[in-house]
Structure formats: C-alpha cells, structure tokens
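Residue numbers (numbering that gives the first Met the number 0), protein chains in the order written: chain A, 0 to 331; chain B, 0 to 304.
Quick caveat, the hints were computed from the structure, so don't treat them as lab data.
Note that this is a predicted model, so its numbers are computed, not measured.
Ideal placement from N, C-alpha and C gives every residue a C-beta, glycine not left out.
Keep in mind that a hint or two might mislead.
Just some of the chain A residues that point at chain B, by a computed CB distance under 7 Å [as the list claims (entries may be wrong)]: (1) I1; (2) A3; (3) H95; (4) V97; (5) D100; (6) K245; (7) E329; (8) I330.
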Amino acid sequence: MIGAIAVKEFRDYMTSRRFLILFGFLLLITLLALAQVKTGMMSWMTEEGESPEVYEVMWGVTHYLSLVGGIFALALGFDAITREREDRTLKVLMGHPVYRDQIILGKLIGGAMTLAVAAFITFLVVLGTLMWMGVSVDGTSTIRLAVYFVFAYLYLLLFFAIAVAFSAHSKSSGNALMYALIFFLAITIVFDAIAPIVANHVAGPQPQPPQEALTGYHENMTLEEMEEMEKLWKEYEEQANEWSKKYFETVETITSLSPTSDFEQISQYVLNPHARSWDEAVYYVNPENPEEPEYSLTESLSFAKKEIIFLLAYLIVSFVAAYLGFVRAEIR
Amino acid sequence: MNIIETENLTKAYDGAVVVDHLNLSVKKGTVYGFLGPNGAGKTTTILLLLGFIQPTEGKAYVAGIDVQEKPVEVKRISGFMPAEGGLYPNMTAFDNLMYFSKFYRIPKKEAEKRAKELLELVGLKEVADKKVGEFSTGMKQRLLLAQALLNDPEVLFLDEPTNGLDPHGVIEMRELIRELKKDGKTVFFSSHILPEVEEVSDEIGIISKGKLLASGSQEEIKRRFIEGRFIITVETKQPLKISGLSTEVTEWRKEGTNRLWVYASRDVREELIKELTGMGYTVTDIHLHEPTLEEIFLELVYRRE
C-alpha cells in the first residue's frame, strides 16, 4: 500500500507543471552558476595554461544549489497533506483500509523518488557541462561529484521532509508554505548571523599584541631583553591561538546547526581532495603545514563527519515530525 | 442482528460536546436514515463509526468489530462516501477507482472488471477515461459512490449523498440506495432533508445537538411520539358554539365554525361524541390525527428546545 501511494505521488510530481517549472529553474541556475564561475576563472587559468579542477568550479554551484534547491524542495512538499485536505480527497482516501503511517510514508517516499530523479538528472547535466567547458574531469573527480550529489540529494530531501512536516501540522497550504519559508530563512540566515556574536561572547576580548614588545625594540638590545621580548610574543601567540580556537569552534558549532552550512561544509570536503579540517589554518596564528596533501574520499568524509551527522539528524527529525504530525492529526 | 451498535458514544472538541452519549442500533440489511439539522453531529457520528476520530467516551461496533481498536478492519468491510468528498482531478474516473482498489489487494484484472462494473452501475461508463477535474458535481457524487462500493462492502456509510445534486440526480441516488438494499447491504446515510430520509429508509434516527432524539421505523417513531399525546379532530353538522368541555382534555381549539381540535393524554373519542351529541350537535366526522414525520421532526428538534 505504501508502494501504491508512493508511485501515485511520484507520478503526480513528475507530471505536475510546478515540478517542471521549478526543476527547470533549478537546472538553469546551476548552469548559470557554473558558467559564471568558469568565466571568472578562465581569465587567469588560460594565462597559466591549466584546466580548472571540478571543485574549483563547483563551489559557486553549491551556494546557489543550497539556496534554490532548498526552496525547490520546500515548494514540492509544502502542500503534500494540506492539498489532500483542501481537495477533500483525504477523507475519501482514509475511508479505505489504509493506515495513516502508510499514507505519510508513501508520500515521503514518492517525494524522495522525485528528488532522486531530479538530483540524478542535475548530476548528469553538471557532469556533461563540466566536460564541455573543458574542466579537468577524471575518474576520481567524477566519483567525488557523484558523492557530492548524494549529499545534495539528502539536503533536498531534508527540506522536502520539513515542508511535509509543516503541511501535516498546518490547516492550509498557504500557512504551510509561509511557515516552511520562514523556517528556511531562519536556519539559513539566523545561525550565520548569531554565530560571531555568540563566539565573541564565549571567547571574550581578543588578545592584543604586547605593547612593550611593539615599542620596546631598540638597536642596543641585550640578549636578556631579546629573550624577554620573545617570551612576550610567545605568550601572546599562545593566548591568540587559544582565543582563536575558542572563537572558531563556537562559530563552527553554531553554524553546523544550520543544514545549509552543513551542506556547504560537506561539499567543500567531498569535492576538494585537498580540503581538510581547517583547524590548523583557522585556529592557529601560524599554521605549521600550510600545504594541503591530497586526501582519499574516505578521509575527506571523515573530516566532515560532524556536519554529516547533523544533516542526517535533521533529516530524521524532519521525517519524525512529518510522521507524527499526520498520524496524530484529527480528520474532521 | 444489529450490524452497527454504539454504547454511550460521545465526542467533544475543546469541551464542546458534538456527539452526546449516542446509543444506536442498526439492523443488518436495512437502510438507516440519520436525520438531523446542519451541525447536529451526523458527520461526526459517521467519522466515529469508521474510526477516523477517537471517541471521548463510549464504544462503537460495526459488524461486531470494535471500531476504536480495529478501524482498518472496519474499513475493510465498509464503504464510505463523505459529504463533499473529493477525487483526484488529474486522474480519470477509471484510474481513481483503480488507485483505491489497491488498498484491498484486489488482483489487477479483477479490479479492472470491478471498476468497469461500478462505472456502469453509477452511469459513468461513457466517461470512464475522462479526467475527474472535468466532471460535474453530480458525476463526482456518483463516482464517490462507486469508490465506496469497490470492496463490495457489508455496510455503506453515505454522508449527505444527495448534496449538490439536481432533482434528477437525487432521484437516481435514491434508486441506487434502493438497489443496494436489494443486494442485502446495510446503508447508513445521513441527511438533513426529511422527505429523502422518509422515502428510502427502513429505520430512522433523529439527532439534534449530538443527542439521539428518536430511533426506529417510521411507525415506531410515530407510535412512540403519540403516546400520551392524542390529537383528535371532530367535525359537526352544526356550527360549534361551546365555551368548554367536560371530557378530560389537555387543550382544545376551534378551527373554522364546524371543526374542533382536541389534545388529550388518552383516546377520548367516545366521550367526545357523547358530550357533543348531548349538547345537540351531530358529529359528522371524528378521527385520531396521526402526526407526519415532519411534524415529529419539527417538534423534537425545534419546539422542545
């Protein structure tokens, strides 16, 4: 029965004008982002005589995909339940021997199937466009791109489930769309905005370079004075590193509450084999290893495990919220 | 044998009682008309009987199945046509029926055959491949009835089945209900239209403000209603000029010059004839007035408030 509902939902989505328009727009934005980044890069890449890497071009796509893709998924799911109420089909459907959990799971699976098709087509279009644009695409970068689209799919699925949850809890489609959009804007903007404020509060005042060390240099310095200066600088560096670590850890923790930031962070690691945990680079004033080696995909994924866990947790919570919202609702 | 039974079935929303200690008994194979004004609790009762909503108090049984415990089992043997129910407008009439048939695990070929039969039964065979979005209200109502019959149910719950239908559609719907009864099905249908209920029902339940005010066959309801409330009309040859009656009556009034309406707690026809004859009148007609269902309905629902 779940299968029957899922197949109907999938067919409804795939043949709906709304899906075709939104998906067309998503593809267009993705291609425009690719073209924009590529055009910007060509000016200096051609001078160097190299082809840009996939990750160098895709960072621009990620930003647009996280924004437009999120809205695309919300627009697909916001009336999943309310439409049935408004069209008065819910009572007819529930007059047949079907459990409520079968209905909601069927709807979620139908949407998931639709998004899977959308993500796969986008992957193929992006891959083809990258090749056509002359971006260096090899086996490894193709696999990384495919994994990137798996996470893009999970990201879309998350917002679809959030929209369905709002639909299950709302009385009308208009309300569900409004709540879902407010939620989307809140989690994409609020966390990024409050992160530095909270981090400043947590880390306290930023340590300043020692004044004596800045003004106390003179030509006839003794060895003791030099050592004293070095000691002051070292103390400053330690304090600055500690402050920096506390500050950026707080920022990272708060922004990782935003699924959009999580997706962007995961994308960075999955697409770029040189990207690693930025701990060294951002926490310490003088990173010891500025050169990034090439990491395997497994290692890259391990760098993003916190963000992956957050994304999956969000996904599970959204599914549960959608499920409970519908199962507990009274149909009058 | 009762196929529908409720015991003190009660439903309240935010403290407001919508269905109030309802005790219903519907015999198998009958057409039960559930009559009541708008907002009386008819739809809520049907939703309770099908397990859409949980009762605040009491129990409901359909074919012996506890609705609260096994709502899906009840739906397996029931058909439901909701008031102003909707169908999927982007699908054809045939596809709508095929979709709903999947919930009964009917083999595809059998489901196709059943869908075609039902479309013929409700007179939609010619438009089977037309999208429901293009259907008129009457056609949608007929398709709603067809989807309620997919599983060849024992009990049919029809909530205001003639809503939005033109006079011809209303007649057709009544005919269909009669046909279903002939097939041995129990039909529980709600309506606020009295003649409709009167015409097709074997038994009637009158509900108002969530309370069942009367239930039974039309005759039973009338008999119970007139118990202790006798209304007698008398006609005399001569114009009536009386100022009082010695016969034990609760109320009397004159209508025109020769007719008298008498209200009494028992049948006082003989005493009345004697008294009037004693006064010198010739009684040309006397009979016990039998109230119509309409009068009973109006009295129960509106005048006793």
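The hints, checked one at a time:
1. I1: Cβ of I1(A) sits 11 Å from chain B, so the hint is violated.
2. A3: 4 Å, holds
3. H95: 4 Å, holds
4. V97: V97(A) check passes; min Cβ-Cβ to chain B is 5 Å, inside 7 Å.
5. D100: 11 Å, violated
6. K245: 50 Å, violated
7. E329: 5 Å, holds
8. I330: 5 Å, holds
Consistency note: the structure conflicts with the earlier hints numbered 1, 5, 6.
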